[in-house]
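S.K.: As given, the protein sequences belong to chains F and E, one line each in that order. Residue 46 in my numbering sits at position 46 of the first sequence; the count goes up by one each step and never skips. Residue 261 in my numbering sits at position 261 of the second sequence; the count goes up by one each step and never skips.
Hints were generated in silico from the structure; no laboratory data involved. Accuracy of the hints is not assured; some may be wrong.
As the list claims (entries may be wrong) - Computed cross-link-like contacts, SDA-like style, restricted to lysine to any residue with a CA-CA straight-line distance of at most 20 Å:
1. E:K232 to E:L91
2. E:K343 to E:K306
3. E:K170 to F:T42
4. F:K11 to F:D30
5. E:K303 to E:V279
6. E:K170 to F:V87
7. E:K170 to F:E84
8. E:K170 to F:D83
9. E:K129 to E:Q212
10. E:K170 to F:S94
11. E:K170 to F:L101
12. E:K306 to E:S3
13. E:K306 to F:D83
14. E:K306 to E:L91
15. E:K170 to F:D30
16. E:K129 to E:A213
17. E:K170 to F:D86
18. E:K170 to F:K11
19. E:K330 to E:R301
20. E:K170 to F:E90
What the hints assert, rightly or not - Distance windows between CB atoms, simulated:
21. F:D88 to E:A100: 33 to 41 Å
22. E:T154 to F:A64: 22 to 30 Å
23. F:D88 to E:R114: 51 to 59 Å
24. E:A199 to F:E5: 42 to 50 Å
25. F:A105 to E:V159: 16 to 24 Å
The C-beta atom is built at its ideal place from N, Cα and C for all residues, glycine as well.
These are the residues of each chain, in order.
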Amino acid sequence: MTEAEGAAHLKAIFEAEGYRIAERFALDEDGVFVELDGWDATARVGYEYITSEAGDRLEFTPGAIAALEARMARRELFVFLVDEHDVDGEAALSSAAREFLARVASLRATA
Amino acid sequence: MVSSAQVVGAARQARATVEEDLARVDSFHHWHQKQRADVDAELAEASRDLGQALLPSFHEKAIERAVSLTGYSPLAHERLGDRVAAEEAQLAGQIAAIEADRRYWDAERDKSLRGVTPAVHTARLAQQKRQFDEFVLLAEHPRLQRLRDLGYGTPAYDVGWWRISHHQDKSAVDEILRRFPGFNGDFGRFLAEYGRCRAACEGLARDLAAAQAVERLLGEHERLVEARRTTKDRWLAWARERIVSHVLGTEASAMSRWLEREPPTRLIFLRASGLRAKVGYLDGLFQAHVGKMSVELRERRAKLQKLEAAYSRRPRTMPAEQFAKVFVDKRPKYHARFQKYAKGYHRVHSFQRFHVARGVEELLWWDVMTDGRLDGSFLPDVGAFHDTHPDYEYERPDRSFFREPRDAELDLSAYDEPAAPSDEALAAAESAGGDHEVFQSDAS
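Extracted from the complex, chain E is given alone in its bound form (with noise of 0.2 Å):
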């Protein structure tokens, strides 16, 4: 039998133990969140070269060559050309409607001739406002309203002495005074000067809304500029998007075959879909390790908490083969769990040689970045495409497939649209009523 100090004194050990393995998860969450951010900004990276590259301009070309490629058969139908010219427009008539305000071409011209912009008038307003704000602040009182109806000071204040309220009102001006003492208790003098400063401030906020609402136009105008002026832009992003979406959501090995017509585009597609595989799996590693084993880790430390407190507060002894168990060092099976997880982690994560994978028949990134060396099956990716490709195995790509492409083997200009159709081309598109929308090709 072990005594209770004895088991005191082990759960203290142990939980000592266990506190150490959890900080030591906490470091693996940073560490996994700072290579996690460092992966997704490369995945970005490659979508957006992706993107490029299997759309680079609006021209009528590349839109068939990217829905040929791809599949992506919504883009055809997009009218992206009708999109654009439509928002174009619409931009237009708004900054045309801005440019008819005379307040803008007097705002304009302030700014031209006397170098004051909006903002500069809208400061030097509020400053100005701003003094006799702090003199109306000062003086506010809940009678001063009624002392001015009244005419306290003058003739026309006629409440009678006997009334309590012309008690307050005297109360109320010795108040106000004593705020004011440049005044030397001159209650008439100091009502003009408030009236003075009321009226000013209420001229200046009149004025520095009106110079508000020019600022307002003039940003809004700017605004408008920015967006007509990024208008391909913005809808070139946005098609991009959309059919780079499509492509990284299709299985990869149909799109690796897809774009075999294109080496160079392939490649591109091969980096952006191992690095989003790698997201996955490097999310799913984490959770399946080191996730699962930090719930292991609490639930320990407050089983022993629990233990601890019990053995404290009643002494009773606890038979040496339930002592034996229950104080198991955990540390070796946890040192080989992380020893898989570390393996499998720096695998997925150093692997660079996306181009490998054209050497492969039916693509699980899993595989290729492991050389089908670890099991991956518990990770939902891994199993889902196990479940899907039931005779699938592994097989090493030819050992030609591993060497790195060569520069001309990433040279994408041969897949380029023409050159952007002259003047006297689009005028013949235009009087012929062609409906297909041509635009000058984009330098992306």
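If we strip away everything but chain F, and leave its shape as in the complex, we get (with noise of 0.2 Å):
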């Protein structure tokens, strides 16, 4: 899957979930400086299709991640982080994709 039809088939899903999805948003909080591929602002839950022909690995690298990973870890944002050497078809992309989603809402519900 190219990091166009990754992006694409992400939104789609975010979409049908209910989120507004902006693409290609520059998140730039506390140290983090990413361009995600899809972020919705108010709920604070976005992606990323990371793929070398995107020049992601420049960006994603791992410090940046960690730094993600690490405001995701204090619950005040979600970013489903997706390699693509990780994707085994749309299928599995999409199930992953909904299983995120379900433990944000949940998350969001206990919150």
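From these two lone chains plus the hints, build me the complex, please.
M.R.: The following block contains the structure:
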């Protein structure tokens, strides 16, 4: 799946779940500066489809990911991180994305 | 004029006849193959007998006699005794090297004390390993190693749930555990068992490789011991093959004359030489008659098929003269040819009185076998003989040669080499530094 295909697929799933997605959103918060493939600024939920083709690996360095994950651990925001190498077809991507969103919803409900 | 329908009908009928003839030709072929195999077996036996008669042993005198009888001088220079001794020494060295290997003695001890042969040991290990292999094979999954490395199911696993790889890991675990319902979804317990099975597999694979190496070692030892035991026999067989090949490759008349000095050996030679000629004649006869007939019949079948198709596709008439020519009955012609073939084949195949050739000066087996009554010049061997002997004319041997040889005439004992030398004689020869290898007479 290419960068464009993967991002479009995720956008469709997130929007189907009610999120209002802005594409290629530059997130610049508390020392985290990355451009996300999709981001709902109100829900603070987004996704990033990491591919070599888009040069994402230069931006999503281990340091940047660690900073993002630290904020996710504190439940300040949620970004579904997808490495193209871990994607085993569209169906698997959809299922994983839905599971991610269900988890987010569950955490928000208990917060 | 003949109508199209008549032509098609005649073509079909003629083709049916050709098919019948071809089936007969095929049956001749099978029959010939069988006869040929029987004669081949007879020839192999006769060649063995000839080798044994010409070279009963490696005794110096036996070699001298064989060279003098056959003119096969390379045998005198082969230094067969040295070759045998060299090979035996080499084999003895290889055997000693294996016997110096501790694994050999351990295996021998296990065999004698516990009755466990290396093969049994290997089979047991393989069986044990199979049980663990089954578990490991069933657990195989592209992500299993990763799950083990990351410590899935333990606090060490730190892949965030927001990563797709987390979902993939979870799916993989679900898939693996579905194959092992006995773990009730406890992946940690599964991993522990998997680790145990993997370790057992690896250990058993090492043991198995070692056991197989010992099995090979013992097999090699057995092979070498057998090779040492049969060294002389093998070299003797080798030398006999060479001398027999020389003798049967030499013109039969010349060799028969050479062997006149030893009538029993000559009789054995004549049988082998005659059988060798018989094989060539039977093949030649088959090829010249049945083989040729088969080609002709196949060509005729193709022609008839073409004709039938052409007249069926576009109806037309055929001149009566042409019709008669095309559909002439060829069976009488084939029958005559087969009669000729069968007569020659039977004469040659049933011939067994090889001893008759003692009374023939210029030996052409074809004439001896057919009593000079059949022309065999169409056969390559016979034709070649006539080319090299332009003045040859078959002379029937004297009646006395037709008589079966008496037992006394077949007795080879008078030509055997002297009795085996005594130990003292051998020691004396050795101390004199003689370069003639002397062996005991081999019972062949």
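S.K.: Does D83 (chain F) lie within 20 Å of K170 (chain E) when you go C-alpha to C-alpha?
M.R.: holds (16 Å)
S.K.: What's the verdict on K170 (chain E) and E84 (chain F), does the C-alpha distance respect the 20 Å limit or exceed it?
M.R.: holds (18 Å)
S.K.: Can you confirm whether the C-alpha distance between K170 (chain E) and K11 (chain F) stays at or below 20 Å?
M.R.: violated (23 Å)
S.K.: Checking one constraint from the list: CA of K170 (chain E) to CA of V87 (chain F), max 20 Å. Satisfied?
M.R.: holds (14 Å)
S.K.: Would the hint linking K330 (chain E) and R301 (chain E) be met if the CA-CA limit is 20 Å?
M.R.: Roughly 12 Å separates the two Cα atoms, so the pair holds.
S.K.: Checking one constraint from the list: CA of K303 (chain E) to CA of V279 (chain E), max 20 Å. Satisfied?
M.R.: violated (35 Å)
S.K.: Checking one constraint from the list: CA of K170 (chain E) to CA of L101 (chain F), max 20 Å. Satisfied?
M.R.: Holds, at about 16 Å.
S.K.: For the pair supplied as a hint, K129 (chain E) and Q212 (chain E), confirm whether the alpha-carbon distance does not exceed 20 Å.
M.R.: holds (14 Å)
S.K.: Straight-line Cα separation of K306 (chain E) and S3 (chain E) no greater than 20 Å?
M.R.: With Cα atoms ~17 Å apart, K306 (chain E) and S3 (chain E) stay inside 20 Å; holds.
S.K.: Need the status of pair K129 (chain E), A213 (chain E): alpha-carbon distance at most 20 Å?
M.R.: holds (17 Å)
S.K.: Has the given pair, K170 (chain E) with S94 (chain F), been kept, meaning a C-alpha gap of at most 20 Å?
M.R.: holds (15 Å)
S.K.: Please work out if K306 (chain E) and D83 (chain F) have their alpha carbons no farther apart than 20 Å.
M.R.: violated (70 Å)
The structure does not agree with the numbered hints 2, 3, 4, 5, 13, 14, 15, 18, 21 stated previously, though it agrees with the rest.
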